[in-house]
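Use these hints to put chain B onto chain A, whose structure you have.
So the chains spell out like this:
Number of protein chains: 2
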Amino acid sequence: MARLKRYLPILQWLTGYGRDTLANDLLAAVIVTVMLIPQSLAYAMLAGLPPEVGLYASIAPLFAYALFGTSRTLAVGPVAVVSLMTAAAIGRVAPQGSPEYLGAALVLALMSGLILTLMGVARLGFLANFLSHPVISGFITASGLIIAASQLKHLLGIEVSGHNLIEVSGGLVESLRLTHWPTLLIGIGALAFLYASRRWMGPGLRRLGLPAGSADMVVRAAPILAVAVTTLASWGLELGERGVAVVGEVPAGLPPLNLPSLDMTLWRELFVAALLISVVGFVESVSVGQTLAAKRRQRIDPDQELVGLGASNIAASFTGGMPVTGGFARSVVNFDAGAETPAAGAFTAVGIAIAALLLTPLIAYLPIATLAATIIVAVLSLVDFSAIRRTWAYSRSDAMAMLVTMIVTLGHGVESGILAGVGLSLALHLYNTSRPHSAVVGRLPGTEHFRNVKRHRVETDPRLAILRVDESLYFANSRYLEDLIMSLASREPGLAHIVLACQAVNTIDASALESLEAINTRLRDAEVKLHLAEAKGPVMDRLKHTDFCRELTGRVFLSTFDAWRYLRGESQHLGQPCGGTELANAGNPD
Amino acid sequence: MARLKRYLPILQWLTGYGRDTLANDLLAAVIVTVMLIPQSLAYAMLAGLPPEVGLYASIAPLFAYALFGTSRTLAVGPVAVVSLMTAAAIGRVAPQGSPEYLGAALVLALMSGLILTLMGVARLGFLANFLSHPVISGFITASGLIIAASQLKHLLGIEVSGHNLIEVSGGLVESLRLTHWPTLLIGIGALAFLYASRRWMGPGLRRLGLPAGSADMVVRAAPILAVAVTTLASWGLELGERGVAVVGEVPAGLPPLNLPSLDMTLWRELFVAALLISVVGFVESVSVGQTLAAKRRQRIDPDQELVGLGASNIAASFTGGMPVTGGFARSVVNFDAGAETPAAGAFTAVGIAIAALLLTPLIAYLPIATLAATIIVAVLSLVDFSAIRRTWAYSRSDAMAMLVTMIVTLGHGVESGILAGVGLSLALHLYNTSRPHSAVVGRLPGTEHFRNVKRHRVETDPRLAILRVDESLYFANSRYLEDLIMSLASREPGLAHIVLACQAVNTIDASALESLEAINTRLRDAEVKLHLAEAKGPVMDRLKHTDFCRELTGRVFLSTFDAWRYLRGESQHLGQPCGGTELANAGNPD
Chain A
1 MARLKRYLPI
11 LQWLTGYGRD
21 TLANDLLAAV
31 IVTVMLIPQS
41 LAYAMLAGLP
51 PEVGLYASIA
61 PLFAYALFGT
71 SRTLAVGPVA
81 VVSLMTAAAI
91 GRVAPQGSPE
101 YLGAALVLAL
111 MSGLILTLMG
121 VARLGFLANF
131 LSHPVISGFI
141 TASGLIIAAS
151 QLKHLLGIEV
161 SGHNLIEVSG
171 GLVESLRLTH
181 WPTLLIGIGA
191 LAFLYASRRW
201 MGPGLRRLGL
211 PAGSADMVVR
221 AAPILAVAVT
231 TLASWGLELG
241 ERGVAVVGEV
251 PAGLPPLNLP
261 SLDMTLWREL
271 FVAALLISVV
281 GFVESVSVGQ
291 TLAAKRRQRI
301 DPDQELVGLG
311 ASNIAASFTG
321 GMPVTGGFAR
331 SVVNFDAGAE
341 TPAAGAFTAV
351 GIAIAALLLT
361 PLIAYLPIAT
371 LAATIIVAVL
381 SLVDFSAIRR
391 TWAYSRSDAM
401 AMLVTMIVTL
411 GHGVESGILA
421 GVGLSLALHL
431 YNTSRPHSAV
441 VGRLPGTEHF
451 RNVKRHRVET
461 DPRLAILRVD
471 ESLYFANSRY
481 LEDLIMSLAS
491 REPGLAHIVL
501 ACQAVNTIDA
511 SALESLEAIN
521 TRLRDAEVKL
531 HLAEAKGPVM
541 DRLKHTDFCR
551 ELTGRVFLST
561 FDAWRYLRGE
571 SQHLGQPCGG
581 TELANAGNPD
Chain B
1 MARLKRYLPI
11 LQWLTGYGRD
21 TLANDLLAAV
31 IVTVMLIPQS
41 LAYAMLAGLP
51 PEVGLYASIA
61 PLFAYALFGT
71 SRTLAVGPVA
81 VVSLMTAAAI
91 GRVAPQGSPE
101 YLGAALVLAL
111 MSGLILTLMG
121 VARLGFLANF
131 LSHPVISGFI
141 TASGLIIAAS
151 QLKHLLGIEV
161 SGHNLIEVSG
171 GLVESLRLTH
181 WPTLLIGIGA
191 LAFLYASRRW
201 MGPGLRRLGL
211 PAGSADMVVR
221 AAPILAVAVT
231 TLASWGLELG
241 ERGVAVVGEV
251 PAGLPPLNLP
261 SLDMTLWREL
271 FVAALLISVV
281 GFVESVSVGQ
291 TLAAKRRQRI
301 DPDQELVGLG
311 ASNIAASFTG
321 GMPVTGGFAR
331 SVVNFDAGAE
341 TPAAGAFTAV
351 GIAIAALLLT
361 PLIAYLPIAT
371 LAATIIVAVL
381 SLVDFSAIRR
391 TWAYSRSDAM
401 AMLVTMIVTL
411 GHGVESGILA
421 GVGLSLALHL
431 YNTSRPHSAV
441 VGRLPGTEHF
451 RNVKRHRVET
461 DPRLAILRVD
471 ESLYFANSRY
481 LEDLIMSLAS
491 REPGLAHIVL
501 ACQAVNTIDA
511 SALESLEAIN
521 TRLRDAEVKL
531 HLAEAKGPVM
541 DRLKHTDFCR
551 ELTGRVFLST
561 FDAWRYLRGE
571 SQHLGQPCGG
581 TELANAGNPD
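Sequence order for the protein chains is A and B.
By full-length UniProt numbering, the letter at position 208 of the first sequence is numbered 208, and the numbering carries on one by one without gaps.
By full-length UniProt numbering, the letter at position 584 of the second sequence is numbered 584, and the numbering carries on one by one without gaps.
None of these hints come from the bench; they were simulated from the model.
Among these hints, one or two may not hold up.
Claimed, not checked - Calculated lysine-lysine pairs in the DSS-like style (CA-CA distance at most 30 Å, straight line): (1) B:LYS295 with A:LYS544; (2) A:LYS544 with A:LYS529; (3) B:LYS454 with A:LYS295; (4) B:LYS454 with A:LYS544; (5) A:LYS295 with B:LYS529; (6) B:LYS295 with A:LYS529.
One chain only, chain A, in its complex shape:
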C-alpha cells in the first residue's frame, strides 16, 4: 500500500478529502481557469497551432497530473518556453497549418511523455542536473526575447517567421511598411493596459484597502479583462472584416480522442527535441513545485514528478493537445488562491472543458494582437539581464556558460542554445576541476599545522615535499596530478619523499587510481618515495585492496605531522604500510 501510494500520490490525499478542502480547491480552480483560458490560446498560437489545441492541452493533462503528481499546487498546461521549443521542433518536419504539423505536435507530446515517464521509473531525474542554473537562466532570457520578438508581427499585423532573433528581426524590418494600423492600435492598447496593470494596479488596489494577495490576483486576471474587452470591440465593430486578424472559428466541443502517429522516421527526427523539451519542462516544473511545497513544509518527489509530467504529456498526446509542463505564474496563482490538493487542478480542467464547449463562439472574435500582447508581457518578465552581471561577479566560468547559451539561443535557435550551454558547462566544470587548487605546505614553527609555503613563513625540509590537493581525484584531474607531482620531483634534485596530504580528497576514481600507480612507479624509478597522509576512512577502505596500495613505496600516516616527524627521523613508530588494519577507522570516518 505504501508502495502504491508512492506511485499513485492521489491516494495520499484523497482519503482525507473534506468539505473545507473542496471549497478551497474549487475557489482556486475558478481563478486559475480564468487565467488559463487566454494563456492556453496564446501559447497554442506561439507554437503555431490552432487555438483549441491550447484548450485541449489544459484538460486531460490536468487530470493526469492530479493522479500521478506529487506537488499539491502545481498547475500544468502549455507554457511559453516549451511552446517555443515545440514550434522550433515541429516547424522543421512539417509546414505550419498542415495536418502533419498538428500530428507532429502530438508525437512530440507522446515522446516527451514517454521520456519523462521512463526517466521517472528508472530514477534518471539526475540527468536534469546537466542543466546548470546559469544555462537555464541564459536560455530562459533568450527564449523570452525570441518569443517577444516573434509576437511583434501580430501586434503589427504583418507576416514574419523564424525561430531565432536574427531571422525574426530581419523579417520584421523588411515588412514594417506593411503595418496594419487598426491591429497595431489594439495590440499597443492591450500591451499598455497589461503593463500598467502589472505596474500600478496592484499597489493601487492595495492602497484602496484590498489585501495584498487579492490585489495580486486581480492583477493576474487582467489578461482575461483585455481579452473580454477587445473581443467585444472586435464583435461590435466587426474588426475581423476590416482586416484585423482574429482567432476565427474554433470548433466547440470536448477534446477529440486520437492516436499519435507511429512513423519511426518522424520519431527519430523529433527525438532530440523531445528530450530537451522533457528536461527543460521538468526543470522548470520541479523548481516551481519545490518552492511552493517548501512554503507549507511539504515535499515533492522529483522522480515521481517525472512520472506525473510524463502522464500529463501522454494524456495531451491522445487528446489533441501539445507538450505541457508545470507553469510558474499559474501555479503561484493556484497556491495563493488557496488550492490545497491536486483536485484543484482537476476542477480547473472541468472549467476549461466548459469553456471549450460554450465559449468558442466568442473566442472567434478575439483579436490575435491581444493574445500577442499577453504573451509579450508574460515573457518579458522572464528576461533577466541582471543575472549576467551578478553571475559574472561571482564566477567567470558560470557567466560564460550563461552568455554562450544566450547568444547561441538567440542566434541559432533553442535546441542549439541548450546543447551549447550544457556542453560548455560540462567542459568548464572539467576544466576547473582538472586544475584543482593545490599547495606545497610546510610546518608552522612550533605547531602541528601545515600551511602553503608561498603564503606563510613555514619550516620545510629539502628531502621532503608535502603536497595538499584541494579536490577529489578523478579522471578530469588525474593527468594534472601526474604532471604536478612529476614536475615537483624533477625540480628538486635532492628530494627523497613526496607526501600527498588528502584531507580534501572525498573520492579517488579508477582513473586517479591508475594515475597514482603511475606516479608511484615513476617516482620509484626516480628514487623518490610516495606517502599518503590524512586520507579519509571511506577513501582508505577502497584503496586497501588495490595494487597501488601493495606497491606503494612509502607509508600511510594519519596526520601530516606524523609524516613530518617520521620522515625527518624524529620518531619511528608513526604511520604504517598501506593496507594495514588500523587504517579502517583512521582519518575522518563515516
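Structure of chain B alone, referenced to chain A:
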C-alpha cells in the same frame, strides 16, 4: 628566447649536442628503423592503404616531431589503434583502393594535425581528460580484438571486410571454406615464431648471459627476422605466383609532395573522426612520453606535445602519409637503446627514407600473412581483460564505463565506442557527485567533535540539525542539496536551525549558490534559520559579496562546535553575520 625555446624545444638540446650523444642517438635510430619498417608496412595495410604510405608516414613526421616535440625519446609513426580508426573513418567516405581513399587519409592527417596544433596553442590539452582511464582501457582492448580479428583473413588468405567484431566474424565464418593453405602455413608459422620469441627468446637469451636490455631488443627485432625469412622464401619459391598474397610492387623513392584536398564536404564528414583520432593519439602518446621522461627525471609539456604531434600529422599529410602518433613499443625500444635527444627520431627518418629508396624491390615479395602475424602479436599484447575485474573490484561505475566502451566498440565500431564511453563516464561522474555522501552529525559527548548520528552515540538537539556534505557544491548536486535540506526540514517539525558544515566543500558554483539562496528563502518561509560552519577561506571570500550572504537568515561559524554552543544558548559571542570582515582569514586559508 625562453619563449622561443618553449615553442621550439629543439633549441633546448641542439646547442649542447656532442659526439657521445650523437653516437647514442645513431645506435638507437638503427635499432628503431629495423623495428619500424615492418610496423609501418603493417599499419598502412591495417588502414587499408598501400604499404609505401606507412613508410612515408615514418619520414617527414619524425623530423617535424624532432623540431616541436618535448619528449626526448618518443618515436612517432603509424600505430595500430589510430590506423584502425583511420580505416573506419575513410572507409565511410571512399571505397578502399580508390584514389579518393588515399586522399581521404591525407585529409584526415591534415585535420588531425590542425586540431592537435590548435588544441596545443589554445592550451586545450585538458579536453583529453574527457577520456577516462577505464574508457581508454576498454577501447584499447576492444580495438586490439577487432584488429586481431580483421587480420585473420590475411592469415587464411580470404576476403572479408568490416569495422566491428560482429561484421568481421560473420564474414570470416562464411568464407572459411575458401582458406588458402600455403598462405595459412606462412601466417601460422610467423605467428608461432613471433609468439615463441616473445615468450621464450628473451628469458633464453638472458640465461645465455645477454643483459636484459639487449635481450629485450633482440626480441623486439624478431618481426624483422620473420619478414626477412618469409620474404626470402616467397622470392625463392615464387609464392606470389602460387596464390599467396604478397605486398606486390612498391614504388621506390622518397615521399611525394602533395596538397591534401580542401573539399569542405569531405572535411565535414571526417571532422568527428579527426577529433577522436587526435584525442586518442594524444592520450596514447602523452602517457608513453610521461612514463619515459619520468625514468630520467625529465618532463614533457602536454600542451607543447599537442603542437609536436600536430606538426607531425601536418607533415604526414603533405608527404603522402597517414595519421600518426607516438607509439608505445617503438618509444620503449628507442629509450632502451639509449636515445638521448629527438635527433634519434630524425636519424630514424633517414633510415626509413633509405629503406623506401632501396628496399622496395624486396618488400614486393613480402607475404601479407607475415604482416598480419606481426600485427596480431602486437595488438594482442594490448588486450587486457583482467583490467575489467580489477576495476570492478575497485569501482562499479568505472567498470561499467569500461565494459560499455568495450561492448559498443566491438559491436558498433571505434567512434561510437569512444563516444559512448565518454558520455557514460560523464553521466556517471555527474550521477556519483549528484548524490554526495552526507551525514547529519551530533556531538561526541565531552568533546568538540561531531560525528554521524547513524554511526556514533552522539548528543543532538531537536531544535538543531547539523548537516555535513562531503563534496564541493556545484550544478550536479545543487538540486540534491535542495531536496536533502528541505526533506530534513519537513521531517522534523520542531526544527529551528539547520547548520551546513562545509569542511569538505572546496568550491560553490553559481548553480549551487542559487540553490543555497532558494534553500535560505524556503527555510525562512518555514521559519527555520540556515547557518554555515567551517567554510573554507576561498569559498567564504567569494560568498561574502553575494545576495545569499546578505539574506542569510543565520550566522557563520568558524567551527561546528561554535555553532553548537551559540545555537544552544551556551555562549553568545560566537559566529557572526555573513559578510563580516573577520571571515576573510577564517576556516582553512590558502
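Cross-check of the supplied hints:
Only pairs whose Cα atoms come within 30 Å are accepted, and LYS295 (chain B) paired with LYS544 (chain A) is accepted, the gap being roughly 27 Å. A hinted pair counts as satisfied when its Cα atoms are at most 30 Å apart, and LYS544 (chain A) with LYS529 (chain A) qualifies at roughly 18 Å. For a cut-off of 30 Å, the pair hint linking LYS454 (chain B) to LYS295 (chain A) stands: about 29 Å separates their Cα positions. Note on LYS454 (chain B) and LYS544 (chain A): the hinted pairing holds, with a Cα-Cα distance of about 24 Å set against a maximum of 30 Å.
About 14 Å separates the Cα atoms of LYS295 (chain A) and LYS529 (chain B), which keeps this hinted pair within 30 Å; it holds. For the hint linking LYS295 (chain B) to LYS529 (chain A), the alpha-carbon distance of about 14 Å falls within 30 Å, and the restraint holds.
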